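J.: As a plain string of letters, each chain reads:
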Amino acid sequence: MTGLRQAWLVARREIRERSRSRSFRAGLIVMLFVVIALIVVPAKLDIGGGPKDVGVTSAVPSALSSAIIAQGGAGGATVRLHRYGDVSTAEEAVRAHDLDVLVVDARRVEWPGRVDEELQAVVTGAIRLVAVQERAAAAGIGPDDLRALMAPVPVENVELGSAAGRSPDDELAAIVITTLLLMAIVIYGNLVLTGVVEEKSSRVVEVLLARMPARVLLAGKIAGIGLLGFAQFVVTAVAALLAALVIDSVDIPAVRAGVLAWAVVWFVLGYALYAMAYGALGSLASRTEDAQSVAGPVGYVLIACYWGAFLTVSANPDGVWARTLSQFPATAPFAMPGRIALGSVAWWEPLLAVTLTLAAIAGLVVIAGRVYTNAILHSGATLHLRDAWHSEGRPSRGIWQDDRRDSGRAATSDRDRRTTARSATGRFGRK
Amino acid sequence: MLAFDSAVKRFGSVAALDGCTFEARPGRITGFLGPNGAGKTTAMRAVFELVRLDAGSVSWRGAPITGAERARFGYMPEERGLYPRMRIRDQLLYLGELCGRTTRDAGRIAEHWLGRLGLADRAADRLDTLSHGNQQRVQLIAALVNEPELLVLDEPFAGLDPIAMGAMADLLAELAAAGATVLFSSHQLDLVEELCEDVVIIDKGRVVLAGDLTDLRAAVPQRFVDVRYRGRPPDWSRLSAVQVVETKDGYARLRVERDTDLSAVVGAAASSGVVSFAYQPPTLSELFRRAVAA
Numbered sequence: 001m002t003g004l005r006q007a008w009l010v011a012r013r014e015i016r017e018r019s020r021s022r023s024f025r026a027g028l029i030v031m032l033f034v035v036i037a038l039i040v041v042p043a044k045l046d047i048g049g050g051p052k053d054v055g056v057t058s059a060v061p062s063a064l065s066s067a068i069i070a071q072g073g074a075g076g077a078t079v080r081l082h083r084y085g086d087v088s089t090a091e092e093a094v095r096a097h098d099l100d101v102l103v104v105d106a107r108r109v110e111w112p113g114r115v116d117e118e119l120q121a122v123v124t125g126a127i128r129l130v131a132v133q134e135r136a137a138a139a140g141i142g143p144d145d146l147r148a149l150m151a152p153v154p155v156e157n158v159e160l161g162s163a164a165g166r167s168p169d170d171e172l173a174a175i176v177i178t179t180l181l182l183m184a185i186v187i188y189g190n191l192v193l194t195g196v197v198e199e200k201s202s203r204v205v206e207v208l209l210a211r212m213p214a215r216v217l218l219a220g221k222i223a224g225i226g227l228l229g230f231a232q233f234v235v236t237a238v239a240a241l242l243a244a245l246v247i248d249s250v251d252i253p254a255v256r257a258g259v260l261a262w263a264v265v266w267f268v269l270g271y272a273l274y275a276m277a278y279g280a281l282g283s284l285a286s287r288t289e290d291a292q293s294v295a296g297p298v299g300y301v302l303i304a305c306y307w308g309a310f311l312t313v314s315a316n317p318d319g320v321w322a323r324t325l326s327q328f329p330a331t332a333p334f335a336m337p338g339r340i341a342l343g344s345v346a347w348w349e350p351l352l353a354v355t356l357t358l359a360a361i362a363g364l365v366v367i368a369g370r371v372y373t374n375a376i377l378h379s380g381a382t383l384h385l386r387d388a389w390h391s392e393g394r395p396s397r398g399i400w401q402d403d404r405r406d407s408g409r410a411a412t413s414d415r416d417r418r419t420t421a422r423s424a425t426g427r428f429g430r431k
Numbered sequence: 001m002l003a004f005d006s007a008v009k010r011f012g013s014v015a016a017l018d019g020c021t022f023e024a025r026p027g028r029i030t031g032f033l034g035p036n037g038a039g040k041t042t043a044m045r046a047v048f049e050l051v052r053l054d055a056g057s058v059s060w061r062g063a064p065i066t067g068a069e070r071a072r073f074g075y076m077p078e079e080r081g082l083y084p085r086m087r088i089r090d091q092l093l094y095l096g097e098l099c100g101r102t103t104r105d106a107g108r109i110a111e112h113w114l115g116r117l118g119l120a121d122r123a124a125d126r127l128d129t130l131s132h133g134n135q136q137r138v139q140l141i142a143a144l145v146n147e148p149e150l151l152v153l154d155e156p157f158a159g160l161d162p163i164a165m166g167a168m169a170d171l172l173a174e175l176a177a178a179g180a181t182v183l184f185s186s187h188q189l190d191l192v193e194e195l196c197e198d199v200v201i202i203d204k205g206r207v208v209l210a211g212d213l214t215d216l217r218a219a220v221p222q223r224f225v226d227v228r229y230r231g232r233p234p235d236w237s238r239l240s241a242v243q244v245v246e247t248k249d250g251y252a253r254l255r256v257e258r259d260t261d262l263s264a265v266v267g268a269a270a271s272s273g274v275v276s277f278a279y280q281p282p283t284l285s286e287l288f289r290r291a292v293a294a
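Protein sequence lines, in the order shown, are assigned to chains A and B. Under this note's numbering, think of the first position of the first sequence as 1, with each following residue one higher. Under this note's numbering, think of the first position of the second sequence as 1, with each following residue one higher.
For reference, chain A alone in the conformation it holds in the complex (with noise of 0.2 Å):
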């Protein structure tokens, strides 16, 4: 039987019995509707795309409206044109909202709110197109003539990130993994925590050690929670591509296959190494309602580590301090993937990081098994760090003590004890 092995079975039975419990169902389905809700929602509410309804009154001239239309078609928007008779009956209805514009004449353009800008665009294109014809027309140039003036100029639109070589597109990669990164690491992390409290809370712990030693248990728990995380984040990106698809409402930003891949390795590093230190301060707390306290310094330190990965590399990706905090272990998982995602890395710089991080994992590994082994059996009050380092639990007193103010179970077999304890100590002989 190979720790690999019993390590697999352990994360097998972690994405059994997960995925088969209610809350989890229920929290993939609200997640799965939130993120469909969020893209669908906006596109159907007419936020940016949609038909256009434009109103005119009597006074604009049949060139100007069907110049709106024509300029709208061109800007990719499909505009409804309403014609009003009179002007207050037409306001009514833009401030009913009936109306997305109202165009009085050439001069008066009146708005439900603020201005749309995309639609103020089509509407004085129109109207700027119209007063042309009518100049050049008065100036003697023919329809032709006018229209080889007008002929578009083709230009090339370049959007250019903050430094070269980098898109916009890259920045918001690198924001979007890093972010997504912090959320796994909080989400899954504290499952692996709580997982590992109520272990040792329902005392199956012991039964597990003697099976296998500490370190497969959590690596194994750890890789369990890890894929079922994995699967979870992969079924809601993939129920939002179809989503933004079906809807063809939001534009996916293009990101390099090479920055996918090094993001997906940041993944598992970085909640490998965050899971395992969750894992083993986990150990030290008897009871459920002890996890949150003790893990406390692991959720300050991976904050403090987002934000100065985030400062320094979204500052200046190429300096000191980012080129250092993406070597550094604990910092490496937000500050490597957003350098690489804004194309700023030398090819050994990801490999070099790579390696120091497995290192720590592997470090860690070794610090949190002892850790745990020695204050998985220790029940009673929360364990300081330095003591489940030094010493392992010992048995008798303390586990009495915490029987007590358990549950009726172990209250029964408290009194048992006592009593067969009396029977031990007393008086004997009397068969």
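Source of the hints: derived by calculation from the structure; they are not laboratory data. Quick caveat, the model's predicted, so the values are computed rather than measured. Virtual Cβ for every residue (Gly too), placed ideally from N, Cα, C. One or more hints might be untrue.
Now the in silico label distances, taken between C-beta atoms and shown as ranges [said to hold, decoys possible]:
#1 Gly19/B with Leu4/A: 45 to 53 Å
#2 Arg386/A with Thr247/B: 28 to 36 Å
#3 Ala26/A with Glu174/B: 43 to 51 Å
#4 Ala26/A with Gly19/B: 52 to 60 Å
#5 Val268/A with Asp170/B: 47 to 55 Å
#6 Leu4/A with Gln222/B: 54 to 62 Å
#7 Val268/A with Ala63/B: 38 to 46 Å
#8 Asp170/B with Thr355/A: 58 to 66 Å
#9 Ala63/B with Arg386/A: 55 to 63 Å
#10 Ala63/B with Ile303/A: 28 to 36 Å
#11 Ala261/A with Ala178/B: 40 to 48 Å
#12 Asp170/B with Leu385/A: 44 to 52 Å
#13 Leu385/A with Arg206/B: 46 to 54 Å
#14 Val301/A with Asp212/B: 35 to 43 Å
Partial selection, computed: residues in chain B whose CB lies under 10 Å from chain A [as the list claims (entries may be wrong)]:
#15 Arg52
#16 Gly56
#17 Met76
#18 Asp90
#19 Leu117
#20 Val152
Given chain A, put chain B in place with the hints provided.
T.: Coordinates of chain B only, in the frame set by chain A:
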């Protein structure tokens, strides 16, 4: 054979095991006795490397215990615990597979014991839907799900009702008869006396008495005489080689040396209208008290 050799384990300044040496033999039930805090749980945990010994060793069949061998041991910790929300059958399969059993193999063993202990129809239920007594049964099956060659049980009788105790005792006897090495701790000395071939008594981390129970009792130079009578109580104090341990209405327990001539005692008993007369080595309780008090 499970053998402890000069095992030492300290927790800070306290020595939980202080040169602990004893054996548990295959095909026999060994009772592991001692007052609270004597080191029983620590010793049992050492078999599974749940505590690391500071010195000395625990060996199985003459060699240090490896993970592969531990996979063929069964363990029931003093602090019972399984996954409360996990289904019983899944739970047992999981523990069996952790011991290197195939799913089918573990399933077969689990079915056998679930049926045997009357839990066959509860296999698909969550553990926390079971009564306390049934949870204890599942805990026992969890220790048996790898068909162990060595069974280590820390206070298996604690919290059981008399019927469950009897069933547990029968089961341990059956496992030992099939060749398993069974080591269990208990404070119920009369039960141990009934059930065990061997006993190990430990105090303050050291073994104070160990061996075949019959031999140990026979080796004590004193014997006990239990007399029940109908008539007037005899005046035992007139008999020179006899010490009175206990007297009450119609009953007396006397202590004599092994080679004492009993004719005077028999005569005195006969004159009081004897109902029953028994001449026996000390009980386990008496052995225990002597060993631990020493």
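J.: State for each hint whether it applies.
T.: The hints, checked one at a time:
Separated by about 38 Å at the C-beta atoms, Gly19/B and Leu4/A break the suggested range of 45 to 53 Å. Between Arg386/A and Thr247/B the beta carbons are some 59 Å apart, a value that contradicts the proposed interval 28 to 36 Å. Against the hinted window of 43 to 51 Å, the Cβ-Cβ separation of Ala26/A and Glu174/B comes to about 47 Å, which satisfies the hint. At about 57 Å, the CB distance of Ala26/A to Gly19/B agrees with the hint of 52 to 60 Å.
Restraint check, Val268/A to Asp170/B: a C-beta distance of roughly 52 Å satisfies the suggested window 47 to 55 Å. Against the hinted window of 54 to 62 Å, the Cβ-Cβ separation of Leu4/A and Gln222/B comes to about 59 Å, which satisfies the hint. A C-beta distance of roughly 40 Å is found between Val268/A and Ala63/B, which places it inside the suggested range of 38 to 46 Å. A hinted range of 58 to 66 Å for the beta carbons of Asp170/B and Thr355/A is consistent with their spacing of about 59 Å.
The given range of 55 to 63 Å is broken by Ala63/B and Arg386/A, whose C-beta atoms sit roughly 36 Å from each other. Checking the proposed 28 to 36 Å range against Ala63/B and Ile303/A shows it is violated: the Cβ atoms sit about 51 Å from each other. Between Ala261/A and Ala178/B, the C-beta spacing of about 56 Å breaks the proposed range 40 to 48 Å. In this structure, Asp170/B and Leu385/A meet the distance hint of 44 to 52 Å, their C-beta atoms being roughly 47 Å apart.
Judged by the Cβ atoms, the range 46 to 54 Å given for Leu385/A and Arg206/B is violated: they are separated by roughly 33 Å. Distance hint check for Val301/A and Asp212/B: the Cβ-Cβ separation is about 59 Å, which falls outside the suggested range of 35 to 43 Å. Nearest Cβ of chain A to the Cβ of Arg52/B: about 7 Å, under the 10 Å cut. The hint holds. With a cut of 10 Å, the hint placing Gly56/B at the interface with chain A is violated, because the nearest CB-to-CB distance is about 16 Å.
Below 10 Å, beta-carbon pairs count as interface contacts, and Met76/B has one with chain A at about 8 Å; its hint therefore holds. Hint status for Asp90/B: holds, given a least beta-carbon distance of 8 Å to chain A, under 10 Å. Annotation: interface hint on Leu117/B violated; nearest CB of chain A at approximately 18 Å, more than 10 Å. Annotation: Val152/B was flagged as interfacial toward chain A, and the flag holds, the nearest CB pair being 9 Å apart, inside 10 Å.
The structure shown violates the earlier hints numbered 1, 2, 9, 10, 11, 13, 14, 16 and 19.
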